[in-house]
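Novice: These protein sequence lines map, in sequence, to chains A and F.
Here numbering that gives the first Met the number 0 is used: the first residue of the first sequence is 0, the next is one more, and so on.
Here numbering that gives the first Met the number 0 is used: the first residue of the second sequence is 0, the next is one more, and so on.
In short, the hints are calculated from the structure, not lab data.
Among the hints, a few may not be true.
As the list claims (entries may be wrong) - From chain A, some residues computed to sit far from chain F (all C-beta separations above 12 Å):
hint, residue
1, 2
2, 35
3, 44
4, 55
5, 82
6, 120
7, 163
8, 166
To be verified - Result set (DSS-like, lysine-lysine): computed pairs, CA atoms no more than 30 Å apart in a straight line:
hint, chain 1, residue 1, chain 2, residue 2
9, A, 33, F, 381
10, F, 95, A, 150
11, F, 118, F, 70
12, A, 62, A, 166
13, F, 310, F, 401
14, A, 44, F, 95
15, F, 310, F, 381
16, F, 248, F, 105
17, A, 114, F, 381
18, F, 71, A, 44
19, A, 62, F, 248
20, F, 70, F, 130
21, A, 114, F, 379
22, F, 401, A, 62
23, F, 105, F, 70
24, F, 75, A, 44
25, F, 105, F, 130
26, A, 58, F, 401
27, A, 166, A, 150
28, F, 401, F, 379
29, F, 310, A, 58
As the list claims (entries may be wrong) - Label-pair restraints from in silico Cβ distances:
hint, chain 1, residue 1, chain 2, residue 2, range
30, A, 80, F, 383, 30 to 38 Å
31, A, 2, F, 171, 29 to 37 Å
32, A, 161, F, 125, 36 to 44 Å
33, A, 66, F, 376, 29 to 37 Å
34, A, 34, F, 73, 44 to 52 Å
35, A, 45, F, 339, 46 to 54 Å
36, A, 118, F, 339, 25 to 33 Å
37, F, 9, A, 12, 23 to 31 Å
38, F, 300, A, 161, 38 to 46 Å
39, A, 47, F, 250, 54 to 62 Å
40, A, 34, F, 118, 17 to 25 Å
In this text, a Cβ means the ideal position worked out from N, Cα and C, and glycines have one as well.
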Amino acid sequence: MDFWVWIIIAIVVILLAIIVGAYNGLVGLRNQVKNAWAQIDVQLKRRYDLIPNLMETVKGYMKHERETLEAVTNARTAAQQISDAGAGERGKAEGMLGAALGRLFAVAENYPDLKANQNFLALQEELTSTENKISFSRQYYNDSVLRFNNKIQMVPSNVVAGLFNFKLGEFFEIEVPGEREAPKVSFT
Amino acid sequence: MWEQIRANRTRSIILVTVMAVMLLAIGYFLGFYIFESGLAGLFIALIIWFVMSLVAFYSGDGILLSLSHAKKIGPKDYPRLYNVVEEMKIASGLEKMPDIYIIDDKALNAFATGRDPNKASVAITTGLLEKLNRDELQGVIGHEMAHIKNRDVLLMALTAVMLGTIVILAWYVSRLLIFGGMGRSRRSSGGGGQAQLIILIVGIVALILAPILAQLIYYAISRKREYLADASSALYTRYPEGLASALEKIGGSPIQLKTANKATAPMYINNPFPKKGMSLSHATSTHPPIAERVRILRSMAGGASFADYDKAYRQVRSGGRGIISDSTQYIAGTVGLREASPEIKTTATAGEKTARTREVGDAMLRLNKYRIVECDCGTKWKIPPDFPDADVLCTKCGGRVKVR
Numbered sequence: 000m001d002f003w004v005w006i007i008i009a010i011v012v013i014l015l016a017i018i019v020g021a022y023n024g025l026v027g028l029r030n031q032v033k034n035a036w037a038q039i040d041v042q043l044k045r046r047y048d049l050i051p052n053l054m055e056t057v058k059g060y061m062k063h064e065r066e067t068l069e070a071v072t073n074a075r076t077a078a079q080q081i082s083d084a085g086a087g088e089r090g091k092a093e094g095m096l097g098a099a100l101g102r103l104f105a106v107a108e109n110y111p112d113l114k115a116n117q118n119f120l121a122l123q124e125e126l127t128s129t130e131n132k133i134s135f136s137r138q139y140y141n142d143s144v145l146r147f148n149n150k151i152q153m154v155p156s157n158v159v160a161g162l163f164n165f166k167l168g169e170f171f172e173i174e175v176p177g178e179r180e181a182p183k184v185s186f187t
Numbered sequence: 000m001w002e003q004i005r006a007n008r009t010r011s012i013i014l015v016t017v018m019a020v021m022l023l024a025i026g027y028f029l030g031f032y033i034f035e036s037g038l039a040g041l042f043i044a045l046i047i048w049f050v051m052s053l054v055a056f057y058s059g060d061g062i063l064l065s066l067s068h069a070k071k072i073g074p075k076d077y078p079r080l081y082n083v084v085e086e087m088k089i090a091s092g093l094e095k096m097p098d099i100y101i102i103d104d105k106a107l108n109a110f111a112t113g114r115d116p117n118k119a120s121v122a123i124t125t126g127l128l129e130k131l132n133r134d135e136l137q138g139v140i141g142h143e144m145a146h147i148k149n150r151d152v153l154l155m156a157l158t159a160v161m162l163g164t165i166v167i168l169a170w171y172v173s174r175l176l177i178f179g180g181m182g183r184s185r186r187s188s189g190g191g192g193q194a195q196l197i198i199l200i201v202g203i204v205a206l207i208l209a210p211i212l213a214q215l216i217y218y219a220i221s222r223k224r225e226y227l228a229d230a231s232s233a234l235y236t237r238y239p240e241g242l243a244s245a246l247e248k249i250g251g252s253p254i255q256l257k258t259a260n261k262a263t264a265p266m267y268i269n270n271p272f273p274k275k276g277m278s279l280s281h282a283t284s285t286h287p288p289i290a291e292r293v294r295i296l297r298s299m300a301g302g303a304s305f306a307d308y309d310k311a312y313r314q315v316r317s318g319g320r321g322i323i324s325d326s327t328q329y330i331a332g333t334v335g336l337r338e339a340s341p342e343i344k345t346t347a348t349a350g351e352k353t354a355r356t357r358e359v360g361d362a363m364l365r366l367n368k369y370r371i372v373e374c375d376c377g378t379k380w381k382i383p384p385d386f387p388d389a390d391v392l393c394t395k396c397g398g399r400v401k402v403r
């Protein structure tokens, strides 16, 4: 009789240990995901802050590029407006902003005076680096989400995740406009 | 990735343990021989080791940085370097930004230091900073960041201390044996002479072999960590070519770092003590040959994950075991590579400098209400505010230029 009591106690203890381990693992990963998301947010905000400076610097040189400049300003406003939205929606808006900035820097190649402007060069370095930081923090965020989701779906932690209602993390993909579209071919 | 690091850590721990056993054995022999008590010797060895470890642990990075004449910099001093370090900090998921130091030296090298990932520093020579483009710099900083993230700095510092202790102890014991120690041994060996003799012979062999063996183990650990740091750099940057071409530039430079230090050699991106002529062997170097590292990185055709690095490693070394154990691969699935980033100039060329000077001059004139008009022939005219006429004669082409 004694023997069976000990066996049951042992099983309960082992089960508890597994549950506690899985739960703590899940919480740790969830915090990592949150933290990684905050990192992305910091960089996206930094980009919003840099753009007005860039516009101010560029305006004097690129009088004939009003469309390009407006596209950047509009994309920035649009992205900033939905900055409380989920990863999916934001990705689209940030993709538009990134593309608009890319066009602006491409056009700037035609303005040697602008390219010699120290202020512009400094801003270009800052924006390029911010762009990199966005993609690196996205990379780290998505890796964290993947590991979190794996943990939620895999045995045995999936049981614990169900018990405590852990929700799957959402990947952050920045959609570059046109990248995903099938090439348009017209037969005329 | 944490599983990965843990797996490598167990391997490193085994090697470190072997070294520790060697250290204790020498201590035991020392005590046995000099104080006729093995435990006393063990105790002495442990104390020496402990004190040296404490020094290395608490002031190692400070000593290293001041020995290298490294200057700390802020975000404004070298914006590109600061940005790249921050990018790699984000990519590696490091919590705190490491301090950045500059070493004023033409040699091409960089190193990382700091006992824990939240209190780390990276240092880079001005020579390297000038030579590298953005992607290459990213690769180098990614490599250093991996040393910090994988806690290699602590591991290598403590291993170096252990190696040092073994070498010092072995040296002193052998001195004691040669001068004077012999007499005492003979005096005390009355009956059990044979057993004493065996211990003496084993001890002497150990004394000779231990420092050499310890050195080889140290090199082996160091090389393993180099490969892992290369693999991590490729993973962080998603662009192995950056590090590959940076390593090529570093390997091609004949200039030696003035302030390099033997004990800290494993922390540099490349061995700061290049051997003249043919090197004796792979086994006596803190770093794998640069050509091999470059080839492995360039063979990573499929992606940037640890699995891809491992595959490339096995391919380059034609078979054998991989450097990163299979069971502990970083996240299953593919990790894509990225494109090279476009080059941004942060410093202007001579032509651009004159253009900038002119631009500043023009701005000054404009402030003073000067009007700047351009002739059809391309000549610019600066018209003072009180100029009376509606047009001006261009002395270059003879035409009239409208002022208003």
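Novice: With the threshold set at 30 Å, check whether the alpha-carbon distance from residue 248 (chain F) to residue 105 (chain F) stays at or below it.
Specialist: holds, 13 Å
Novice: Does residue 62 (chain A) sit within 30 Å of residue 401 (chain F), going by the straight-line distance between their CA atoms?
Specialist: Holds, at roughly 22 Å.
Novice: Range hint 54 to 62 Å: satisfied by the CB atoms of residue 47 (chain A) and residue 250 (chain F)?
Specialist: violated, 42 Å
Novice: Does residue 401 (chain F) sit within 30 Å of residue 58 (chain A), going by the straight-line distance between their CA atoms?
Specialist: holds, 26 Å
Novice: When you check the alpha-carbon spacing of residue 44 (chain A) and residue 95 (chain F), does it fall within 30 Å?
Specialist: holds, 20 Å
Novice: Lying within 29 to 37 Å: is that true of the beta-carbon distance residue 66 (chain A) to residue 376 (chain F)?
Specialist: About 32 Å separates the Cβ atoms of residue 66 (chain A) and residue 376 (chain F), which means 29 to 37 Å holds.
Novice: May I ask you to test the hint 36 to 44 Å on the CB atoms belonging to residue 161 (chain A) and residue 125 (chain F)?
Specialist: violated, 57 Å
Novice: Is 30 to 38 Å a correct range for the gap between the Cβ atoms of residue 80 (chain A) and residue 383 (chain F)?
Specialist: violated, 49 Å
Novice: Measure nothing beyond the straight line between the CA atoms of residue 75 (chain F) and residue 44 (chain A); if it is 30 Å or shorter, mark the hint as holding.
Specialist: The given pair, whose Cα atoms are some 20 Å apart, holds under the 30 Å limit.
Novice: Please settle this one: residue 2 (chain A) was flagged as non-interface, so is its CB more than 12 Å from every CB on chain F?
Specialist: Non-interface label on residue 2 (chain A) holds, nearest chain F Cβ at 37 Å vs cutoff 12 Å.
Novice: Checking one constraint from the list: CA of residue 310 (chain F) to CA of residue 401 (chain F), max 30 Å. Satisfied?
Specialist: Roughly 71 Å separates the two Cα atoms, so the pair is violated.
Novice: Take the C-alpha atoms of residue 71 (chain F) and residue 44 (chain A), compute the straight-line distance between them, and say whether it is at most 30 Å.
Specialist: holds, 28 Å
The structure fails hints 2, 6, 9, 12, 13, 15, 19, 29, 30, 31, 32, 34, 35 and 39 (numbered hints given earlier, in ascending order).
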